[in-house]
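Undergrad: Each chain, written out:
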Amino acid sequence: MSKLNIKNLIKSFPSMDRPAVNNVNLDIESGELVAFLGPSGCGKTTILKMITGLFQPDSGDIILDEQSLLKIPTEKRGVVMVFQNYLLFPYMNVNENVGFALKMKNVDKNTIDQKVKEMLELVKLPDIGLRKPKQLSGGQQQRVALARALISNPRILLLDEPLSNLDAHLRDEMRELIVTIQQKLKVTTIFVTHDQEEAVLLADKIALIFDGELQNFTSPKNYYEKPKNIKAAKFFGGVNFINAKKHNDNLSTNIGTVHYKGENYTDLNEDNIITIRPENIKLSKNNDFNDNSFKGLIKSVIFSGTHTRYKIIVNNLELECSLQSVGLQDIKTDDTIYVHLPSDKIWAMNE
Amino acid sequence: MGGERLKIILSLTPPLLIIFTLFFGGIFYGFLQSLGYQPAIGKYEINFSAYYNVMFSERYAKLFWTGLGLNLWVSFASTFLAAVFALFGALAIRKTFFAKTICNFIYSLNLPMPHLVVAVGIIFVFSQSGLLARFASQIGLIGSPGDFPVLVKDKYGLGIILAYIWKEAAFFFIILMSVLQSLGENFEELAQSLGANRWQRFRYVILPLVMPNLFSASIIVFAFSFGAYEVPALLGVIYPQMLPVMAFEFFLNPDLNARSEGMALSIIIAIIVMILVVFYFWLTQAKIRKD
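Going down the list, the sequences are from chains A and B.
Heads up: the first sequence begins at 1 in the working numbering, then just goes up one per residue.
Heads up: the second sequence begins at 1001 in the working numbering, then just goes up one per residue.
If we strip away everything but chain B, and leave its shape as in the complex, we get:
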């Protein structure tokens, strides 16, 4: 018994060491930097001034709070819309029909694409010099490509939202397809024979059945879009700026003192995401207890 235990501990030690060193080590060091501890530039004092600066100083407060607002808006909107597109796509494609394989492929095509490529794709298609603008101008819908609505590098983050919808809908789609395929159509057929119309079947049968998986996937997508840098960096504007871009700019600042603000901002992003994950676990546990 004891030998068996030791064997398990020994076999788990190497991966745990790597996780602790790389993950918790990095987090811990980053946290120390956010508290102002930077021995490389002779700063040993520990305080919360970087957090205060980022959130409440005259210089950064407006940037931070508008950035946080934009972050929440972009993450919620893109997660919600990607989930909706994927849900309707999966519901339309799940039934056997002649072009099912092709539709399946097209819907999932974005999954292996790097976010950076998708962001560039958005610029090519949706910017004022992009394909859609030129096409609309060619067929006379708008006077010139410049008249095309600003969908990329706009202050509402529409381009960023578009990129995330384009990319994450595929992720939702894969998850929803597997859930819907495993559920089959029996529940809906049953509901239909019990008198449920199309909307009622969606509202009272499909949605509650896919919701647990949809919700878990939403948490992953939200957490990712909340903390990701490359898409907002490419498709965002200078003001308002999403928090990860703002954090990265603190790091790029030649003044190494600004690194503490960058770290503080990163820790704030991580805390917000963690609060969300904890809330999710609390919700699911409450549901399990209720059941």
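Extracted from the complex, chain A is given alone in its bound form:
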């Protein structure tokens, strides 16, 4: 189990007009499963490659268990990376692929054979040792790549888009396997993804990165309920944003005064933006709510199976609400409606 600290990390490439990684700071605890999430080209893989030592940062430091990694060559860092396209050596069979790291350390053959067997059992592929990579399915190749990475007991395991090349059903299976193995071995793990659902399902914490800059580093739940900024909120499906000013312990908006219970009230500036997730908004034809209730007009109703989405105009502002379809009131387009924004579900961010 190893603790990783990334300090003021900066990396530029001549071909880019902005730093690929710009002043990133992260503290990853031992045994944590962390996701680097962001769109393509945001710098996630660049950070991963700096942790492995394949790229050198322009400035900043990467500290593993209180020791800087910058002067340690890649092969001696104990940081193992599983690449997006698995990269099983095509001229080796599965046993040879999995045992590669131990062979590089000149471990004796019997020990290698024993460890290879254990690793293949761990990834639930005990009987394919003599096959060549091209005889394996994508899911099997991914498992073998994982076994190969784990055999040397890495201090940090890095997974570059581990599920992106798999079919939907294999993705679920692999996701489960990664979590199971990570919890069993307690290896500090970082994986890169552009899929927020994947990040939420797998990670203990998510580092959200845009344009080389770390936007936020917190638990998946916080991204939904307490996003740090509007970019982070939007990336996690936030659609409702209302300009708000601090006013007598509440927030004044152009739909009316909003009663706010968020613990960050004192940290807020004068001008803020409040957000609420579509599934937290409540609707009623009668004004059944005590506070934060606003009169609006239904603009559209879209049925999407388990949920129904509504677009509501409240004082020229469009809000989106998603309600479970079962037991729903009969609400139609152009109906007048009362929109309730529960004060404990609203989150305010500095503008």
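To be clear, the hints were calculated from the coordinates, so they are not data collected in a lab.
Hints should not be assumed to be uniformly reliable.
[Unchecked claim] BS3-like mimics (lysine-lysine), calculated; alpha carbons at most 27 Å apart, straight line: (1) LYS1287/B with LYS132/A; (2) LYS134/A with LYS1287/B; (3) LYS1100/B with LYS109/A; (4) LYS311/A with LYS7/A.
[To be verified] Only some residues are given here: those of chain B computed to face chain A with a beta carbon under 7 Å: (5) GLY1184; (6) GLU1188; (7) LEU1190; (8) SER1193; (9) LEU1194; (10) PHE1202.
This structure is a prediction, so every number in the text was calculated from the model and none was measured.
Even glycine gets a Cβ: it sits at the ideal position worked out from N, Cα and C.
Once you have looked at the hints, place chain B on chain A.
TA: Structure of chain B alone, referenced to chain A:
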């Protein structure tokens, strides 16, 4: 279906006819001559005496076997060294750096050069009256250009090997560069993160990945250098003599009877190369079956 088939056969017939007439026709006629069949000089009897003469007669046996030894040595050494130079060159140049284009150009420059020009270039540079010898003498490394080691027209075929390395390294280089560029560096980066040091990455990753292409290119280069005439003719010595030069001298012999020996020698060269190619295909097929 039948019409389609006929169309394919008809469209293939003209090129096949040319190949059969020129290639197999020539080979067949040459083979007949090697068996002593030369109607132009009244020889109709078919036998293997030309083969026997070339390989075992008192007159030619020593020439043939030393020539064959020299041929094998020159072809193996030049193919191996050209491949090694090209591999290290390609590994050094494949990464992006400021002079990559120029280095690429210099390394590939020899490719369009005729072998004859390269051979003359070797004489100009490496002979005892060449540039290197004069330069070494000028700066006092050697007393006179004559003290320069014999690298051209020497009995070990060093000049020939140098010429082939100079020429064929470019061919290997082009092939290796395209393989290395298409492979990218991910395999090496992966191996490095799995603990492989520089030598281990070369031994266990790069070499096995480029080996199939390197091996195919080696077969082509070996076959060429084994059967080529002009470079050994220019840079070789009278004894030992490489087999293609020896064969050509049989042809130049005013005695037309010697043509059978020349043809026999040519057929022997072709057979050796063909054995090698068959061995290569057998190896690759065995590997495919194993995989």
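Undergrad: Against this structure, judge whether each hint is valid.
TA: Comparing the hints with the structure gives:
1. LYS1287/B with LYS132/A: Within the cut-off at roughly 12 Å; holds.
2. LYS134/A with LYS1287/B: This hinted pair holds, its Cα atoms lying about 14 Å apart.
3. LYS1100/B with LYS109/A: The given pair, whose Cα atoms are some 42 Å apart, is violated under the 27 Å limit.
4. LYS311/A with LYS7/A: Violated, because 44 Å separates the two Cα atoms, which is more than 27 Å.
5. GLY1184: 10 Å, violated
6. GLU1188: With Cβ-Cβ at 10 Å, over 7 Å, it is violated.
7. LEU1190: This hint holds: LEU1190/B lies near chain A, its Cβ roughly 5 Å from the closest one there, short of 7 Å.
8. SER1193: 5 Å, holds
9. LEU1194: The hint holds - LEU1194/B has a Cβ within 7 Å of chain A, the shortest such distance being about 4 Å.
10. PHE1202: Check failed: Cβ of PHE1202/B comes no nearer than 12 Å to chain A, outside 7 Å.
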